[in-house]
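Colleague: Please model the entire structure based on the sequences and the hints provided.
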Amino acid sequence: MFDLSLLSQAIDEGDREKTLKLTTEALEAGVNPQEIIAQGLQAGMAIVGEKFSSGEYFLPDMLMAARAMKAALEVLKPALEKTGMPTIGRVVIGTVEGDMHDIGKNVVATFLSGNGFEVFDLGLNVPVQRFIQEVKEKKPDILGMSALLTTTMPVMGKVIEALKEAGLRSQVKVIVGGAPVTQEYANYIGADGYAHDGGKAVPVCRELVGK
Amino acid sequence: MEMTQKQRILAAARGEPVDKLPFGARIDVWYNYHSAHDTLPEKYRGWGQVDILRDLGAGAQLRLFSVVKEEYRDMEVVERHEPPYIITEYHTPLGTVAKKEILDKSEGSWVKYEMEKIFKSERDYPIIKYILEHTVPVDNFEAYHKARAEVGEDGLVMSAAGGLWCPVQRVMREFMGYELFFYELADRPARVEELIETMQELERKKFQVAIKCDLELFNICANWSDDIHTPVFRKYFVPWLREASDFLHAHGRLAMAHTDGEMRRLNPMFRETGIDIAEAITPAPQTLVTMKEFRRELGDEVTIWGGIPSILFEPMYSDEDFDNYIKNMFREMAPGYRFIVGMGDNLPFDGDINRVRRVVELIDQYGKLPIEV
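In order, the protein sequences belong to chains A and B.
Sequential numbering of the first sequence, starting at 1, is according to the working numbering.
Sequential numbering of the second sequence, starting at 1, is according to the working numbering.
Don't take each hint at face value.
What the hints assert, rightly or not - Okay, the calculated bits of chain A under chain B, using three or more residues with CB under 8 Å as the criterion: (1) 59-71; (2) 185-197.
Unchecked claim - With the Cβ distance kept under 8 Å, some of the chain B side facing chain A (calculated, not the full set): (3) Ile-118; (4) Thr-230; (5) Gly-261.
Since the hints were made in silico from the structure, they are not lab data.
None of the values given here were measured: they were computed from a predicted structure.
Positions of the beta carbon are idealized from the N, C-alpha and C atoms, including for glycine.
Modeller: Below is the structure:
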């Protein structure tokens, strides 16, 4: 019987090569790909997330783990063709218009996809109407917006207003983040969630989708 | 005779006695935005930002990217404009690398953002190393003297020898980008280290040029934040910052870092760097650290410059909230030595300029040293 805890451990170590090797071996041993993801990869990401929250790990540790997970998912892709990739929620994410910063947004997108969310990353400098269009088309559970600048922070409020005008506000939860953004500011503009950093985004999004 | 703004700021930076809290304000984001959109308040149309700060009674921080410029030898550097992008190609005997930038003037800070970094893959290491080895620092003193004349005794020119970043940060932020830097450091540590060392050699040359001007304090590292992995910070940042600080101290100058990010995990290492001033300190509610905690973590030998998070200037905070925040900040920083009041890190474009004057009034009322609680 294949020990999937070894895979969790490889993710925890951020070791891409080891993760790939163990994923391949698990597949060859006949382990169900869904099981590999849930009990191996996602379990590993959960450990990394906990260590980040407790202060033991840093953002780059999470990046390395997410990179290992992403590589493993590529290996699993053909085996998942029939069932599809299991997801716990759909997220559209982007940095708002006028803002060219994307480190934080990229980190959040990476962690979310590493934790089982299906993520559509719109990139940076995303116009208000593009967010609206993507919400209409992709029907996400969550819309994530990031702003690094106090100059661009108010654009997040404009997107929320535009969602209301388009009659979409009740269909999607909105989460915001970025260096100058605070919980107070998130409340002020009417967002549903706020994450101070990439590590916090995962539990906040899980809560928003009720998982 | 009353101290000038410049004297007061420099005295606090050196740990010398001052009569009241110095205030070195930064309003370039607000100023540039409203200048570009022709929305400066009626009174200030056609004014420079230093003149506005003079009018408000605040000391000025006048930013100059660097007192040193870079020139390139034995390569061809071609800049092409393909709106909205500026593409710069470096043609060297070892090959060509290119970066794609965008200059966005709508936001106010007017800096170029790299949409495509110069480093893209392993093949670029020797080419970038060649560029750094064939970059020659020359003085930018004409621009510096102009800025110094503009600010006079009413504040300080804030500048650097090498620009915004320290060497490892330049590799991380400017050349590779955050994520790729950490992937490369994991996959090819020796090559990354070689690039950092080459970058440090260039920075040493820049300091030799820069020290010939009379800039009192040098920014040696910008935009500190906890996203800089702490073990990486200790291994690659601290030794360089220590070297740069020691060099400046040996020449009677001060070292400053622009520390406007989340500093919870970096604060304990600050004193290892020998840096004199932690500038643009941004406390709660914008970050997780209070001013009292900053003072405790950084100790009494480091001058704290900052304390007012930029969001406090936003309309969501009332005038009363603002006053209460400032008064509480004074209490937290009592007795107030080695403290320069400032923004973390700028007046936002929709911030209230009148609150800059309000800070001056509150300092006059409550900021005489020593502050008694």
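Colleague: Decide, hint by hint, whether the structure agrees.
Modeller: Checked hints:
no.: 1; hint: 59-71; in the structure: holds (count 6)
no.: 2; hint: 185-197; in the structure: holds (count 4)
no.: 3; hint: Ile-118; in the structure: 16 Å, violated
no.: 4; hint: Thr-230; in the structure: 6 Å, holds
no.: 5; hint: Gly-261; in the structure: 7 Å, holds
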